[in-house]
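Peer 1: Everything in the sequence shown is counted per this note's numbering, starting at 3 for the first residue and increasing by one.
Treat the hints as calculated values from the structure; they're not laboratory data. Hints are supplied without guarantee of correctness; some may be wrong.
[Stated by the list, open to error] Taking CB as the label site, the calculated pair distances span:
no. : residue 1 : residue 2 : range
1   : Ala-88    : Gly-27    : 30 to 38 Å
2   : Phe-105   : Ala-35    : 39 to 47 Å
3   : Val-78    : Asp-26    : 12 to 20 Å
4   : Asp-26    : Thr-97    : 19 to 27 Å
5   : Phe-28    : Val-101   : 34 to 42 Å
6   : Gly-27    : Met-3     : 34 to 42 Å
7   : Ser-76    : Ser-29    : 16 to 24 Å
8   : Met-3     : Tyr-61    : 44 to 52 Å
9   : Lys-53    : Ser-106   : 18 to 26 Å
10  : Ser-54    : Ile-100   : 28 to 36 Å
11  : Leu-32    : Ser-108   : 39 to 47 Å
12  : Leu-32    : Thr-97    : 35 to 43 Å
If you're wondering where the values come from, they're calculated on a predicted model, not measured in any experiment. Ideal Cβ placement from N, Cα and C applies to all residues, glycine included.
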Amino acid sequence: MKYLFLSLAIVLEVVGSSFMKASDGFSKLLPTAITIVAYIACFFFLSQALKSIPLGIAYAIWGGLGIVLTAIISVVVFKQSLDIPAIIGIILIVTGVIVMNFFSKSAVH
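Could you build the full structure based on these sequences and the hints that come with them?
Peer 2: Okay, here's the thing in structure tokens:
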């Protein structure tokens, strides 16, 4: 269940970020409301995951996957582009999450 909760937190964070962009600076009611609800639910599920996943590990996975998925949404939905340094940075973040999960003694699975 802990990774299900973390997965839900990641998806909801991406939904919240995407609708924050769509809210146009919180000037559109429906996207603003979805942003707020998504982030509240996101933090609820993250808090449930933190009951059994160490904070540093959970946050690295949450942040790393959130960055990747949000970047994909920004390209596909919002037609924004990523340059080579941005892509390299995202790859480095994902690599760090992988290293933490597979090699760190801090990661309790």
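Peer 1: How does the Cβ-Cβ distance of Asp-26 and Thr-97 compare with 19 to 27 Å: does it lie in that range?
Peer 2: violated, 34 Å
Peer 1: Does the hinted range 35 to 43 Å hold for Leu-32 and Thr-97 at CB?
Peer 2: holds, 37 Å
Peer 1: Is 44 to 52 Å right for how far apart the beta carbons of Met-3 and Tyr-61 are?
Peer 2: violated, 18 Å
Peer 1: Taking the CB of Ser-54 and the CB of Ile-100, does the distance hold inside 28 to 36 Å?
Peer 2: violated, 20 Å
Peer 1: Is 16 to 24 Å a correct range for the gap between the Cβ atoms of Ser-76 and Ser-29?
Peer 2: The hinted range 16 to 24 Å holds for Ser-76 and Ser-29, with Cβ atoms some 19 Å apart.
Peer 1: Mind checking the hinted window 18 to 26 Å against the Cβ distance between Lys-53 and Ser-106?
Peer 2: At 20 Å between Cβs, range holds.
Peer 1: Does the Cβ-Cβ separation between Phe-28 and Val-101 fall within 34 to 42 Å?
Peer 2: At 37 Å between Cβs, range holds.
Peer 1: Does the beta carbon distance between Gly-27 and Met-3 stay inside 34 to 42 Å, or does it fall outside?
Peer 2: holds, 37 Å
Peer 1: Between the beta carbons of Val-78 and Asp-26, is the distance compatible with 12 to 20 Å?
Peer 2: Cβ of Val-78 to Cβ of Asp-26: about 19 Å, so the range 12 to 20 Å holds.
Peer 1: Is the gap between the beta carbons of Phe-105 and Ala-35 within 39 to 47 Å?
Peer 2: Distance hint for Phe-105, Ala-35 holds at roughly 42 Å.
Peer 1: Tell me if the beta carbons of Ala-88 and Gly-27 are separated by a distance inside 30 to 38 Å.
Peer 2: violated, 23 Å
Peer 1: A range of 39 to 47 Å was offered for this pair. Does it hold for the Cβ distance of Leu-32 and Ser-108?
Peer 2: The hint (39 to 47 Å, Cβ to Cβ) holds, given that Leu-32 and Ser-108 are roughly 41 Å apart.
The structure does not agree with the numbered hints 1, 4, 8, 10 stated previously, though it agrees with the rest.
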